[in-house]
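Enquirer: Given next are the chains, with one letter for each unit.
There are 2 protein chains.
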Amino acid sequence: MNLILLFESDFTATDTVIINDRRFHHIRQFHQPAQGQRLKVGLLNGKTGSGIVISLTEQSITLEVLLENQPPAALPLTLLLALPRPKMLKRTLQTITSMGVKQIYLINSYKVDKSYWSTPVLQQDNLREQLLLGLEQSGDTVLPEVHLRKRFKPFVEDELPQIARQTRALVAHPYHASPCPGASTGETTLAIGPEGGFIPYEVEKFQATGFEAIHIGQRILRVENAVPVLLARLFPV
Amino acid sequence: MNLILLFESDFTATDTVIINDRRFHHIRQFHQPAQGQRLKVGLLNGKTGSGIVISLTEQSITLEVLLENQPPAALPLTLLLALPRPKMLKRTLQTITSMGVKQIYLINSYKVDKSYWSTPVLQQDNLREQLLLGLEQSGDTVLPEVHLRKRFKPFVEDELPQIARQTRALVAHPYHASPCPGASTGETTLAIGPEGGFIPYEVEKFQATGFEAIHIGQRILRVENAVPVLLARLFPV
Chain A
1 MNLILLFESD FTATDTVIIN DRRFHHIRQF HQPAQGQRLK VGLLNGKTGS GIVISLTEQS
61 ITLEVLLENQ PPAALPLTLL LALPRPKMLK RTLQTITSMG VKQIYLINSY KVDKSYWSTP
121 VLQQDNLREQ LLLGLEQSGD TVLPEVHLRK RFKPFVEDEL PQIARQTRAL VAHPYHASPC
181 PGASTGETTL AIGPEGGFIP YEVEKFQATG FEAIHIGQRI LRVENAVPVL LARLFPV
Chain R
1 MNLILLFESD FTATDTVIIN DRRFHHIRQF HQPAQGQRLK VGLLNGKTGS GIVISLTEQS
61 ITLEVLLENQ PPAALPLTLL LALPRPKMLK RTLQTITSMG VKQIYLINSY KVDKSYWSTP
121 VLQQDNLREQ LLLGLEQSGD TVLPEVHLRK RFKPFVEDEL PQIARQTRAL VAHPYHASPC
181 PGASTGETTL AIGPEGGFIP YEVEKFQATG FEAIHIGQRI LRVENAVPVL LARLFPV
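Protein sequences appear in the order of chains A and R. Under our numbering, the first residue of the first sequence is numbered 1, with each subsequent residue one higher. Under our numbering, the first residue of the second sequence is numbered 1, with each subsequent residue one higher.
No lab work stands behind these hints: they were computed from the structure. Here a beta-carbon is modelled for each residue, glycine too, at the ideal position from N, C-alpha and C. The reader is advised that the hints may include incorrect statements.
[To be verified] Straight-line Cα separation of at most 35 Å, DSBU-like style, residue types lysine-lysine; simulated pairs:
#1 A:Lys205 - A:Lys102
#2 A:Lys114 - R:Lys114
#3 A:Lys153 - A:Lys90
#4 R:Lys87 - A:Lys114
#5 A:Lys111 - R:Lys153
#6 R:Lys150 - A:Lys40
#7 R:Lys87 - R:Lys150
#8 R:Lys47 - A:Lys87
#9 R:Lys114 - R:Lys47
#10 A:Lys87 - R:Lys150
#11 R:Lys90 - A:Lys90
#12 R:Lys90 - A:Lys87
#13 R:Lys47 - A:Lys111
#14 R:Lys150 - R:Lys90
#15 A:Lys102 - A:Lys153
#16 R:Lys87 - A:Lys102
#17 A:Lys114 - R:Lys205
#18 A:Lys150 - R:Lys87
#19 A:Lys90 - A:Lys40
#20 R:Lys111 - R:Lys205
#21 R:Lys114 - R:Lys153
#22 R:Lys47 - R:Lys153
#23 R:Lys205 - A:Lys87
#24 A:Lys47 - A:Lys111
#25 A:Lys111 - R:Lys40
#26 A:Lys111 - A:Lys90
#27 R:Lys102 - R:Lys205
#28 R:Lys111 - A:Lys47
[Unchecked claim] Residues of chain R placed beyond 10 Å of chain A at every Cβ, according to the derived structure:
#29 Asn20
#30 Leu66
#31 Lys205
#32 Asn225
Using the sequences plus the hints, can you model the full thing?
Expert: Rendered as structure tokens:
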């Protein structure tokens, strides 16, 4: 937790928050701050700044808050990710969020096991928890939007052309693909397949919508590694 | 498992292997190959190629093996990684291996919890298992060397100058650092700190040995993401 994420409901006055939940227990266990110490804070979907420790008890912490900085810049990216298995989904959502992606479509694909769509991780509150963890990790405040698309064909045919319009549209695919292009600050749409990859029909559907197939080398990486590798290659520091 | 890693002990003739362990159960469960089908195989520390399924029983699989290709190129990198907590260590070893790192030093740092050095993950057989999983994932055969260095100062003072000599020597550090340099095929030495980072004393020790401090942006990433991001930025596809 490199930033304590604050919610409107934490405020007891314009510049004062009292926290007594998971965040409090984390602060108490790992930060052990003294009175007067400054902690990095940020208001959900708002500015970042510092929280001066006014008091720390067994039950709660009180901070005097000054919010004056913009959160880190978002990536100009819409990410389409074939739904990973639940355990990897959690980690990947945290990764994606911590790297600054704000538009996430979890999509179906032939190699996505149907059971994955029933995981409790996809429930609104659980999804939100992973996103908050990603924001706290990276010092960001802006909650990504996660869209679930359980049917591949209608999504690709009806929605995708509008999403990808006038963007650098790329589908990561290890075979018959060009090397991943270099860093750019332009708007990008990136599709990443499941373990085992998109099937040829799916890659063709993306290509028919104007997507270019790209690869990141001879080595096949797990999705949880392919995501940070692709984002690192596609956008500047 | 994108490549079935073979050992000398699997061979019953120059071109025939019989497999009946974890690899067999994986093949049976996920590949379900028919007789005559080709599977991607590779000999540990040797060439890759194909294995034609001769027979598949309840107990074992027999392959006729043709090894004719070189494994993917290694990264020209020596990686110094502050020992992560055990759970993250496993994943990170797989990640590092799958990305082609062949020289790994797990080093101590002020913020490495002493207990981490007692984890069973660091035992020879367990380490090897994570490395093999990384090779199988990425289609590689060349086992990385993992060196354990429990004392920071003697390592940095006595060993590091020789390791880093005539390489691009970099220490990843979020503060007072230059942006991560671009991709190069030159020999590189890269040090990555623990969660919470190297302490200033440690960064200074690296700098005194000729290391440049570099950052990967305003966002603080978990080690498991910082590793693939750094490797993707520092080396070409």
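Enquirer: Does each hint fit the structure? Answer for all of them.
Expert: Consistency of the hints with the structure:
1. A:Lys205 - A:Lys102: holds (24 Å)
2. A:Lys114 - R:Lys114: Violated, because 43 Å separates the two Cα atoms, which is more than 35 Å.
3. A:Lys153 - A:Lys90: Cα-Cα ~25 Å, so holds.
4. R:Lys87 - A:Lys114: holds (28 Å)
5. A:Lys111 - R:Lys153: violated (49 Å)
6. R:Lys150 - A:Lys40: holds (32 Å)
7. R:Lys87 - R:Lys150: Holds, because 19 Å separates the two Cα atoms, which is no more than 35 Å.
8. R:Lys47 - A:Lys87: holds (33 Å)
9. R:Lys114 - R:Lys47: violated (40 Å)
10. A:Lys87 - R:Lys150: It holds: about 32 Å lies between the C-alpha atoms, which stays within 35 Å.
11. R:Lys90 - A:Lys90: holds (17 Å)
12. R:Lys90 - A:Lys87: holds (15 Å)
13. R:Lys47 - A:Lys111: Judged against 35 Å, a Cα distance of about 30 Å means the pair holds.
14. R:Lys150 - R:Lys90: With Cα atoms ~18 Å apart, lysine 150 of chain R and lysine 90 of chain R stay inside 35 Å; holds.
15. A:Lys102 - A:Lys153: Within the cut-off at roughly 23 Å; holds.
16. R:Lys87 - A:Lys102: holds (28 Å)
17. A:Lys114 - R:Lys205: This hinted pair is violated, its Cα atoms lying about 52 Å apart.
18. A:Lys150 - R:Lys87: Roughly 32 Å separates the two Cα atoms, so the pair holds.
19. A:Lys90 - A:Lys40: Distance ~25 Å between lysine 90 of chain A and lysine 40 of chain A Cα, so the pair holds.
20. R:Lys111 - R:Lys205: It holds: about 15 Å lies between the C-alpha atoms, which stays within 35 Å.
21. R:Lys114 - R:Lys153: Holds, at roughly 15 Å.
22. R:Lys47 - R:Lys153: Outside the cut-off at roughly 39 Å; violated.
23. R:Lys205 - A:Lys87: violated (39 Å)
24. A:Lys47 - A:Lys111: Violated - the C-alpha atoms of lysine 111 of chain A and lysine 47 of chain A are around 40 Å apart, more than 35 Å.
25. A:Lys111 - R:Lys40: holds (20 Å)
26. A:Lys111 - A:Lys90: The given pair, whose Cα atoms are some 19 Å apart, holds under the 35 Å limit.
27. R:Lys102 - R:Lys205: Distance ~24 Å between lysine 102 of chain R and lysine 205 of chain R Cα, so the pair holds.
28. R:Lys111 - A:Lys47: holds (30 Å)
29. Asn20: Non-interface label stands for asparagine 20 of chain R: nearest chain A Cβ at 25 Å, farther than 10 Å.
30. Leu66: holds (19 Å)
31. Lys205: holds (24 Å)
32. Asn225: violated (5 Å)
Taken one by one, the earlier hints fail for this structure at numbers 2, 5, 9, 17, 22, 23, 24, 32, listed in ascending order.
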